[in-house]
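Chemist: For reference, the chains in residue letters:
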Amino acid sequence: MTKSVTAGRVPIRGWLRFFRSELRLVFGLRRNLWILAVAGAFPVLIGIGLRLATHQGNSGGPDGVAFISQLAGNGVFLSFIALTLLLTLVMPLAVGVAAGDSIAGEAGYGTLRTLLAVPAGRVRILSVKYASIVVFAVAVTFVVAGVALATGAALFPIGPVTLLSGTTVPLADGVVRLLLVALYVAAAMASFGAMGLAFSTLTEHSLGAIAALAILAVVSEVIDNVPQFAAVHPYLPTHWWNSFDALMRVPVDTGTLGRGLLSFGIYTLLWGSIAWARFGTADVTS
Amino acid sequence: MTGTQIRNAAPSATGLVAISEPAAETAEAAAPAVLAVASSGLTKRFGSGQVAVDHVDLAVPRGCVYGFLGPNGSGKTTTIRMLLGLAFPTSGRTEVLGVPMPSGAVQVLPRVGSLVEGPGFYPFLTGWDNLTRCDAADRTANPRTAAARIGEALDRVGLLAAVRKRYRHYSLGMKQRLGIAASLLAPRELIVLDEPTNGLDPQGTREVRALIRQIATEGVTVFVSSHLLGEVEQVCSHVGVMRAGRLVFQGPLEELRRTSAARIRVQTAEPAAAEAVLHRLGLADLQVSGHQVSAQLGEDSPERICTELVHAGVAVRDLGVVVPSLEELFVGLTGEGFDVHD
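Chains as they are written, first to last, in this note's numbering: chain A, 1 to 286; chain B, 1 to 342.
Quick caveat, the hints were computed from the structure, so don't treat them as lab data.
From the three backbone atoms N, C-alpha and C, an ideal C-beta is built for every residue, glycine too.
You may find that some hints are simply not true.
[What the hints assert, rightly or not] Beta-carbon label-pair distances, calculated as ranges:
#1 B:Gly-41 with A:Asn-225: 55 to 61 Å
#2 B:Ser-91 with A:Trp-34: 47 to 53 Å
#3 B:Gln-50 with A:Trp-34: 38 to 44 Å
#4 B:Gly-49 with A:Leu-180: 53 to 59 Å
#5 A:Ile-12 with B:Asp-155: 28 to 34 Å
[Unchecked claim] Which residues of chain B face chain A? A few of them, derived with a C-beta cut under 10 Å, are:
#6 Gly-41
#7 Lys-44
#8 Phe-46
#9 Leu-84
#10 Gly-85
#11 Val-106
#12 Ser-114
#13 Pro-119
#14 Gly-120
#15 Tyr-122
#16 Thr-132
#17 Asp-135
#18 Ala-136
#19 Ala-141
#20 Gly-179
#21 Glu-303
Make a model of the complete structure from these sequences and hints.
Modeler: Quick look at the structure:
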């Protein structure tokens, strides 16, 4: 039999091999590819809808969504509109499916016991799972932002970008800001993914974890829209998701951004710890 | 059969003392423990209060094929889960290859191949991709030799022809064999197979037995569980028998055979007279039912008993020696069917 154990192997290489295997699994799953495709279809639909609306002469579009009025003059804004609209349900759901499935799905297949007996290591499994959730969150965000940018460029004029603070910056500057916005949104989705990972360790039914996650996101958003609960708003997991418009000002509102990123970081730590505490000591009976 | 036959041949105490020396901390440096698996007082109580495993003292000598037997629901799989660190014991200690579990799981499990409660694989991946996934999760596996090792493991279980087939489309037997292949991905010192013949046809069962025999000839300790004695009897050197969460017998298979005392059985029209003769000869465990008298044969010879009976004027219709089969012993130890306690 071939000698397989090499003394003193670099642990990070082994981790990366496991991580690559996990990415192949996540991005090889037809369901996840469909999710990415559907997430990418939304900006196209929104773009076409808003194009038709502006054609008919009225300002159109959902009320209260920032950037709508600027869209007619500049297609870049379709990305911001798409992110704003899809952050309420579509993107959290997309990330939630991957995150809620992460551990529960393995338990459901019975592969969790196989992995543990290999042994993959409990903490190592969690870290690989979370890393792949983050990659999926980034993928969802960039698919939405990228498709929206392309759709916007195709349907609307493209040019220098007028920011929310009234300043006009060159197109390249605007695209860089869009990139930063996408990274901020990806961070929001990654922290939401940590909550999904924690939920996923509590059950062997992915659907349960995903549903619980979606319900929690909606509840948080509802509370966030009730003025009487203003005192708790900053502590809600979804509160800072849309604060990326802070990047669309000169100077950039770093205070808001910082608070948002801090909120994402704390929630990631909190849910990550819960996942670790649960998965590190749970009997795997599936 | 009763509790008098229950014996515990576990040298577990000595095994545990030998293992718990500090030198055993590093796997490579450890002197080979005498026991591949040792547990003392291993107990698992579920949240519901049900005791699934009750003070089990396992002693599995290195290099043996250990048949872990018991009816479904007797606690075999829960015990195996604890041996492999999948579940945590409520109390008691376990050592696998000289390393305490579950704390040493990451350290020792690379030397342990296992198949627990049926194969667990991704239905949408091929057999090959499933094993690649297992290998990628193993931090001790060398990626350069992965293809060769996976090919070899699949070859040993006869699945090379189906490597490109999705697991979902495998037959039950192929699934079991893929599970065994996963346990053979690296050189192992211990292979734990939980019900590897479950759902297999007689042909498949024979193949698994041949595979176990082959693995054992390489000096690997094999721990195989089954609810059917007959399926593993031919390959086992040692057995442990579980009943309702307790280990009711453990030791070499020969020792289990020896517990099956031969009995003399006499058919006669005068059972009372025959009984008196057997009693005079000092035979133990006399039983009379109808025209049949039976007793433990002990050291006596059936010829002498026959002569004594005839001399005493007992008309003997039929006289014979009965040795209970291993299967009867097993049923005696584990109870008849429907004996699972909730």
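Chemist: With reference to the structure, classify each hint as holding or not holding.
Modeler: Against the structure, the hints:
Checking the proposed 55 to 61 Å range against Gly-41 of chain B and Asn-225 of chain A shows it holds: the Cβ atoms sit about 58 Å from each other. Range check, Ser-91 of chain B to Trp-34 of chain A: Cβ separation about 48 Å, and the 47 to 53 Å hint holds. Our hint of 38 to 44 Å for Gln-50 of chain B and Trp-34 of chain A holds, since their Cβ atoms are close to 43 Å apart. A beta carbon spacing of about 56 Å between Gly-49 of chain B and Leu-180 of chain A agrees with the range 53 to 59 Å that was offered as a hint.
At roughly 32 Å, the beta carbons of Ile-12 of chain A and Asp-155 of chain B sit within the given window of 28 to 34 Å. Using the Cβ-Cβ criterion of 10 Å, the hint placing Gly-41 of chain B at the interface with chain A is not satisfied: the shortest such distance is roughly 18 Å. Interface hint at Lys-44 of chain B: satisfied, since its Cβ lies 9 Å from the closest Cβ of chain A, which is below the 10 Å cut-off. The interface hint given for Phe-46 of chain B holds, since its Cβ lies 9 Å from the closest Cβ of chain A, which is under the 10 Å cut-off.
For Leu-84 of chain B, the interface hint holds, since its Cβ comes within 10 Å of a Cβ in chain A; the closest pair sits about 5 Å apart. With a least beta-carbon distance of about 7 Å to chain A, the hint placing Gly-85 of chain B at the interface is held under the 10 Å criterion. For the restraint placing Val-106 of chain B at the interface with chain A, the shortest Cβ-Cβ distance is roughly 5 Å, inside the 10 Å limit, so the hint holds. Look at Ser-114 of chain B: its Cβ gets to within about 5 Å of chain A, closer than 10 Å, so that hint holds up.
Because the closest C-beta pair between Pro-119 of chain B and chain A is about 8 Å apart, less than 10 Å, the hint holds. For Gly-120 of chain B, the interface hint holds, since its Cβ comes within 10 Å of a Cβ in chain A; the closest pair sits about 3 Å apart. Annotation: Tyr-122 of chain B was flagged as interfacial toward chain A, and the flag holds, the nearest CB pair being 6 Å apart, inside 10 Å. Here the hint on Thr-132 of chain B is kept, as its CB sits about 7 Å from the closest CB of chain A, short of 10 Å.
For the restraint placing Asp-135 of chain B at the interface with chain A, the shortest Cβ-Cβ distance is roughly 8 Å, inside the 10 Å limit, so the hint holds. Here the hint on Ala-136 of chain B is kept, as its CB sits about 4 Å from the closest CB of chain A, short of 10 Å. The criterion of a C-beta within 10 Å of any C-beta in chain A is met by Ala-141 of chain B, whose closest approach is roughly 5 Å, and the hint holds. Restraint check, Gly-179 of chain B versus chain A: the minimum CB separation of about 8 Å is within 10 Å; hint holds.
Interface restraint check for Glu-303 of chain B: the shortest CB-CB distance to chain A comes to about 55 Å, outside 10 Å, so the restraint is violated.
Figure legend: structure checked against the earlier numbered hints; hints not met, in rising order: 6, 21.
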